[in-house]
Amino acid sequence: MLMDASRIQIFEAIGQMMRWNVSKIAGFKIDVDPIHNLIVVGVIMRPFFKFLCLCLTSLLPLATVQAELTGEIIFRPPINAFNELWVTNVEKARDDRPFFNLRYSPEGLAVQANGNLVVTTTLHDQLSFGNDIYLFDKKVDFPKVRDLTRQQFSLIWGLDISQNGDIVFTHERIGPAPATGIYLILKHELTKLRPKVQLLKEGEAYSVEWSSSGRHIVYDTSDGVCIFNILTQEVLQISRDGAYPAFSPDGRYLAFTHSRWANTYKISIVSLTGRPNLKTVETQEAEPGSFGLKWSPDGQYVVYTIEVDGVYRNFAAPINGGPHEEFLDKHGEGVWLFDWTHTDVPYAVEPTNKLTTLWGKLKQ
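Take our numbering: the last position of the sequence shown gets the number 586, and nothing is skipped along the way.
Honestly, the hints are just simulated from the structure, not real lab data. Take these hints with a grain of salt, some might be off.
Claimed, not checked - Derived DEER-like restraints, expressed as beta-carbon distance ranges:
hint: 1; residue 1: Asp445; residue 2: Ala401; range: 15 to 23 Å
hint: 2; residue 1: Phe351; residue 2: Gly425; range: 16 to 24 Å
hint: 3; residue 1: Asn336; residue 2: Leu453; range: 20 to 28 Å
hint: 4; residue 1: Leu408; residue 2: Val533; range: 33 to 41 Å
hint: 5; residue 1: Gln506; residue 2: Arg319; range: 23 to 31 Å
hint: 6; residue 1: Val362; residue 2: Asn305; range: 16 to 24 Å
What the hints assert, rightly or not - Capping the alpha-carbon separation at 27 Å, the derived lysine-lysine pairs in DSS-like fashion look like this:
hint: 7; residue 1: Lys360; residue 2: Lys552
hint: 8; residue 1: Lys360; residue 2: Lys516
hint: 9; residue 1: Lys423; residue 2: Lys516
hint: 10; residue 1: Lys552; residue 2: Lys314
hint: 11; residue 1: Lys516; residue 2: Lys501
hint: 12; residue 1: Lys360; residue 2: Lys409
hint: 13; residue 1: Lys414; residue 2: Lys360
hint: 14; residue 1: Lys516; residue 2: Lys488
hint: 15; residue 1: Lys516; residue 2: Lys314
hint: 16; residue 1: Lys409; residue 2: Lys366
Remember, it's a predicted structure, so these values are computed and weren't measured experimentally. Cβ atoms here follow ideal geometry from the backbone N, Cα and C, with glycine treated the same way.
My request is simple: use the sequences and hints to build the entire structure.
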C-alpha cells in the first residue's frame, strides 16, 4: 500500500526526534542506581513520546460524525387545532407555538425556503367539491390571506413554491374544470387580483416539487417519476415505479419511494450529476398507502412520514447510513403536514447538461 507524502513526512519527523533524544541520552553519565537512570531517560524521552502519540493519532482514519438534525418547521398540529399552523425548531422539542389561524383546515402546505411566502390548499370557500390555493406573508404581523384560484379547480393533489416565489401545483379535473395537469403561477402574478394560472403540462401528476434552482420540477404519476424542464418543456423519466419525489437542497440528488402499498417502504436516492444508482434506504414498518418524503435543510437526511397504528410518525434517515431518528413527536404522535422554512445550501448545482445523458428523453 502506498502512503501519501504527509504520512511519509510524519515518519521522517519521528525518526529525527528519536535521533535527537538518543543523542541527549548519550551525553549523560550513567549512574550506578538503575532507578535513577530510568527516571533520567524518561524525563528526556517524554517530549518524544507525546509527539509520537500525536503522530500515530493523525494516521488513524477519522470517524464520521453525523450532522445534527436542525431547522425551523411550519406544521399543522395533529390534535384540536386542525385549522391552525404552528411553528417549531427541531432541536427544541418544546418550542412549539401557534403561528397562523386559517378559516379552513389546510390539506397541503409549502413554505418559500429562505423567504416570506406560505401557500396552502384547503377545501373551497363554499361547501362545494374541490380545493383552492391560499397565499400569505409569514413576516407580516396580521397578514391578509389571498385566494389565488377562486374555485376554478377540482382536486389539487400537490403544490410547491420556489425560492423565487413561483407556485406550481398538480390538478385532477372532475366535472367542468380546467384540464388535468401541472399548472404554474409566476411570482409577478401574485400581486394581481386574479393571478394568471398557466398550464405547464397536461396529463396525470400527483406530488410535485421545485428544484432549488427553480428551473426544474419533479413529479410522480402512476407510471413513475419524471423531471420537467420549465424553460425547454423537456421531460425526463427517472423511474417507472416511484412516488413522492424530492430534490436534495443542492440539486445533486433525487429521492423517491417504492412500494406504495407495502408495509415497508424503500427510498431510492439517485444522483443527477454522476452515476445514476446511488443507494436504497428501508423505512420503519408502516401501514400501507400513506407516506411523505422530504430532505433536511442541510441535505444530510431524508425525512419520511409514515402511518403506524393509526398515527403518523416522522423519521430522519442519514443518507450516509446509521439509525433512523424519530422527531416531531407532538402529544404522542407525529405530524402529517409540515415544511421547512429555510435551506442551508445557498447555491444549487444545475445538472441540465447531464440529465439527458444519464436518463434520456421521455418519449411522448
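Here is how each hint holds up against the structure:
| no. | hint | in the structure |
| --- | --- | --- |
| 1 | Asp445 to Ala401: 15 to 23 Å | holds (18 Å) |
| 2 | Phe351 to Gly425: 16 to 24 Å | holds (22 Å) |
| 3 | Asn336 to Leu453: 20 to 28 Å | holds (23 Å) |
| 4 | Leu408 to Val533: 33 to 41 Å | holds (39 Å) |
| 5 | Gln506 to Arg319: 23 to 31 Å | holds (29 Å) |
| 6 | Val362 to Asn305: 16 to 24 Å | holds (19 Å) |
| 7 | Lys360 to Lys552 | holds (22 Å) |
| 8 | Lys360 to Lys516 | holds (21 Å) |
| 9 | Lys423 to Lys516 | holds (24 Å) |
| 10 | Lys552 to Lys314 | holds (12 Å) |
| 11 | Lys516 to Lys501 | holds (16 Å) |
| 12 | Lys360 to Lys409 | holds (16 Å) |
| 13 | Lys414 to Lys360 | holds (19 Å) |
| 14 | Lys516 to Lys488 | holds (14 Å) |
| 15 | Lys516 to Lys314 | holds (20 Å) |
| 16 | Lys409 to Lys366 | holds (17 Å) |
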